[in-house]
Every structure is written in C-alpha cells, then in structure tokens.
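Novice: This is what each chain is made of:
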Amino acid sequence: GAVVSQHPSRVICKSGTSVKIECRSLDFQATTMFWYRQFPKKSLMLMATSNEGSKATYEQGVEKDKFLINHASLTLSTLTVTSAHPEDSSFYICSARAGTEETQYFGPGTRLLVL
Amino acid sequence: GENVEQHPSTLSVQEGDSAVIKCTYSDSASNYFPWYKQELGKRPQLIIDIRSNVGEKKDQRIAVTLNKTAKHFSLHITETQPEDSAVYFCAAKESGGYNKLIFGAGTRLAVHP
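Residue numbers (this note's numbering), protein chains in the order written: chain W, 1 to 115; chain H, 1 to 113.
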C-alpha cells in the first residue's frame, strides 16, 4: 500500500515552454501533497504544500506564479513549471500524506531538462 | 522554524561493520522523526521513524534513538551490507502549520565488500 506515482518520469523542453508534472496517490486519499526540488547530491528542498481544495502554501523564495500547483482531488496534484528556463532543470519529487497521518510517501520523481 | 543538521556527509564502512548517522533539530516541539533511504535516481524510501514518546525503535538491522533533551536522534545500521549503500536523510516534523518535514542534508553511505 501507500503508492505514489509521478508522470512523466523525465521530460525535455525548450526554454519558454510550460511543463506539467502529475503526482497521484494510487491506493490512498492524500489530503496533503508536498512538492520538492532536489539538485544533484543535495537534499530535498520543499517548494510548496498542497492541500486538496485549497490554495498551495509556498516556501519562501519560491515563485508561485512560476510554479503553479493544483490539488483538485484527493488523489491528484499537479505542478506546472511555467515559462521554463535552463535554471529550472532539476529533479522534482512529490510526496503524499493521508489525513492526519505523519508519514509521507514519495513519488519516483521527474527529471526536467530545459534546453 | 525547524532546522535539522546531519552528520557525517559521507560515511564509508566495511561490510559487516556498523554505521551511525546523527542528526540534531532545533524545534523542541517537534515530535516525529523519520529516516529515508534514497538510492541513486530513485525516490526516498521510509526505512524507520520514531515519535517523541519513545527513546528507541528497532527494525531488524536498523535502529533509531532519540534524545529529546539534547534534541538529537541517530540512525544505527548493524551488519552493513553492500545494498545498504545509498544516501540517508533524517527529517523532523515541524510543529504547527501543515506539519511539513524538514530534511537534513543527507549522508552518503558506502559499504565496501
């Protein structure tokens, strides 16, 4: 149980385009999902917290107009990187938590390369 | 807010030896401390967690200890095997708000045959 999927697993796009990443909880209802960014050999940097049916809460320094987050259902959250630039290239990972449980289950990550 | 520090950043051991990774946290109200293992290019996987109402928890070769007074917790891996090689992250749940996890910088463990 507690499986989280992400799609796509990797994506290459041109500068200026937008990219949407999906995060799904497959066997549980995720009231809260988290989006992280991870640079090579670095830790997980929290970008935003997404609660079903409400606006995402962004961490300091993360541009909410650039990283659009939508959590429209209890099993799906999306992250859209708008007007992507090469510096947005990174490994993006989501995690999901059920109800009031503390455990976060991570998706497999999406590797984004912006040319 | 919560701040988590993790040491060492790299750890190399011989197969069969023990490995210890230590973390400190700043928020005395934090009450949940998970440990994740991340293999190269893979997702972080929860390997063990501990809540503040206990001081130690074991699961086969893995154990975690918590010292609330000193605000530090440690991961202990005994009888290490090459497949234990990975990056290990500690985390502390921030009190209040959405109970987000604050991660340590990670420890790269290499177990040599």
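Any given hint could turn out to be false.
If you want the footprint, here are the derived chain W segments under chain H, 3+ residues with CB under 8 Å [said to hold, decoys possible]:
| # | stretch |
| --- | --- |
| 1 | 15 to 22 |
| 2 | 33 to 44 |
| 3 | 68 to 77 |
Derived pair list, reagent style DMTMM-like, types lysine to aspartate or glutamate, alpha-carbon separation capped at 25 Å [said to hold, decoys possible]:
| # | chain 1 | residue 1 | chain 2 | residue 2 |
| --- | --- | --- | --- | --- |
| 4 | W | K41 | H | E5 |
| 5 | W | K41 | H | E56 |
| 6 | H | K22 | W | E87 |
| 7 | W | K66 | H | D49 |
| 8 | W | K41 | H | E15 |
| 9 | W | K41 | H | E39 |
| 10 | H | K58 | W | E22 |
| 11 | H | K42 | W | D27 |
| 12 | H | K71 | W | E101 |
| 13 | H | K68 | W | E101 |
| 14 | W | K41 | H | E83 |
| 15 | H | K71 | W | E102 |
| 16 | W | K14 | H | E83 |
| 17 | H | K42 | W | E102 |
| 18 | W | K55 | H | E15 |
| 19 | W | K20 | H | E83 |
| 20 | H | K42 | W | E87 |
| 21 | H | K58 | W | E101 |
| 22 | W | K42 | H | E2 |
| 23 | W | K41 | H | D84 |
| 24 | H | K57 | W | E102 |
| 25 | H | K71 | H | E83 |
| 26 | H | K22 | W | E102 |
| 27 | H | K68 | W | D88 |
| 28 | W | K14 | H | D27 |
| 29 | H | K42 | W | E22 |
| 30 | W | K64 | H | D49 |
| 31 | H | K57 | W | E101 |
| 32 | W | K55 | H | E2 |
| 33 | W | K64 | H | E2 |
| 34 | H | K42 | W | D65 |
The set of hints was computed from the structure by calculation and includes no laboratory data.
No residue lacks a Cβ here, since even glycine has one placed at the ideal position from N, Cα and C.
Novice: All the hints need checking, so say for each whether the structure fits it.
Specialist: Here's how the hints hold up against the structure:
Note: the stretch 15 to 22 of chain W has 0 residues with beta-carbon separation from chain H under 8 Å; the three-residue rule is not met and the coverage is violated. Using a Cβ-Cβ cut-off of 8 Å, 5 residues of the stretch 33 to 44 of chain W lie near chain H, which meets the minimum of three, so the contact claim holds. Evaluation of the coverage hint for the stretch 68 to 77 of chain W: breached, as 0 residues show C-beta separations to chain H shorter than 8 Å, against a requirement of three. The suggested pairing of K41 of chain W with E5 of chain H holds, with an alpha-carbon distance near 16 Å, which does not exceed 25 Å.
Among the hinted pairs, K41 of chain W with E56 of chain H is inconsistent with the structure: their alpha-carbon atoms are about 29 Å apart, more than 25 Å. Proposed proximity of K22 of chain H and E87 of chain W is contradicted: the alpha carbons are some 32 Å apart, above 25 Å. The suggested pairing of K66 of chain W with D49 of chain H is violated, with an alpha-carbon distance near 34 Å, which exceeds 25 Å. In summary, the hint linking K41 of chain W to E15 of chain H is supported, as the alpha carbons are separated by about 23 Å, within the 25 Å threshold.
Of the supplied pair hints, the one linking K41 of chain W and E39 of chain H holds, its CA atoms being roughly 11 Å apart against a limit of 25 Å. For the proposed pair K58 of chain H and E22 of chain W, the alpha carbon gap of about 35 Å is over 25 Å, so the pair is violated. Our distance criterion of 25 Å between C-alpha atoms is met by K42 of chain H and D27 of chain W, whose separation comes to about 20 Å. A hinted pair counts as satisfied when its Cα atoms are at most 25 Å apart, and K71 of chain H with E101 of chain W qualifies at roughly 23 Å.
This hinted pair checks out: K68 of chain H and E101 of chain W have alpha carbons roughly 21 Å apart, not beyond 25 Å. Between K41 of chain W and E83 of chain H the CA atoms are separated by roughly 19 Å; this keeps the pair inside 25 Å, and the hint holds. A C-alpha spacing of about 19 Å is found between K71 of chain H and E102 of chain W, which places the hinted pair at or below 25 Å, so the restraint holds. Distance check on the hinted pair: K14 of chain W and E83 of chain H sit about 38 Å apart at the alpha-carbon level, beyond 25 Å; violated.
At most 25 Å may separate the alpha-carbon atoms for a hinted pair to count; K42 of chain H and E102 of chain W meet this at roughly 22 Å. Under the criterion of a C-alpha separation no larger than 25 Å, the hint pairing K55 of chain W with E15 of chain H is inconsistent with the structure, at around 48 Å. The hinted pair formed by K20 of chain W and E83 of chain H fails the criterion: a straight-line CA distance of about 34 Å is larger than 25 Å. Between the alpha carbons of K42 of chain H and E87 of chain W the distance comes to roughly 22 Å, so the proposed pair stays at or under 25 Å and holds.
Restraint check for K58 of chain H and E101 of chain W: the C-alpha separation of about 21 Å stays at or below 25 Å, so the hint holds. Note on K42 of chain W and E2 of chain H: the hinted pairing holds, with a Cα-Cα distance of about 18 Å set against a maximum of 25 Å. Between the alpha carbons of K41 of chain W and D84 of chain H the distance comes to roughly 17 Å, so the proposed pair stays at or under 25 Å and holds. About 17 Å separates the Cα atoms of K57 of chain H and E102 of chain W, which keeps this hinted pair within 25 Å; it holds.
With a CA separation close to 30 Å, the supplied pair K71 of chain H and E83 of chain H exceeds the 25 Å bound. Between K22 of chain H and E102 of chain W, the direct Cα distance comes to roughly 21 Å. Compliance with the 25 Å bound is thereby established for this hinted pair. Annotation: proposed proximity of K68 of chain H to D88 of chain W is violated, straight-line Cα distance about 39 Å (limit 25 Å). Of the supplied pair hints, the one linking K14 of chain W and D27 of chain H is violated, its CA atoms being roughly 42 Å apart against a limit of 25 Å.
For the proposed pair K42 of chain H and E22 of chain W, the alpha carbon gap of about 17 Å is at most 25 Å, so the pair holds. About 32 Å separates the Cα atoms of K64 of chain W and D49 of chain H, which puts this hinted pair outside 25 Å; it is violated. For the hint linking K57 of chain H to E101 of chain W, the alpha-carbon distance of about 19 Å falls within 25 Å, and the restraint holds. Straight-line distance between C-alpha atoms of K55 of chain W and E2 of chain H comes to about 23 Å, which keeps the hinted pair within the 25 Å bound.
With a C-alpha separation of about 22 Å, the suggested pair K64 of chain W and E2 of chain H falls inside the 25 Å cut-off, and the hint holds. For the proposed pair K42 of chain H and D65 of chain W, the alpha carbon gap of about 28 Å is over 25 Å, so the pair is violated.
In the structure shown, a violation is registered for the earlier hints numbered 1, 3, 5, 6, 7, 10, 16, 18, 19, 25, 27, 28, 30 and 34, in ascending order.
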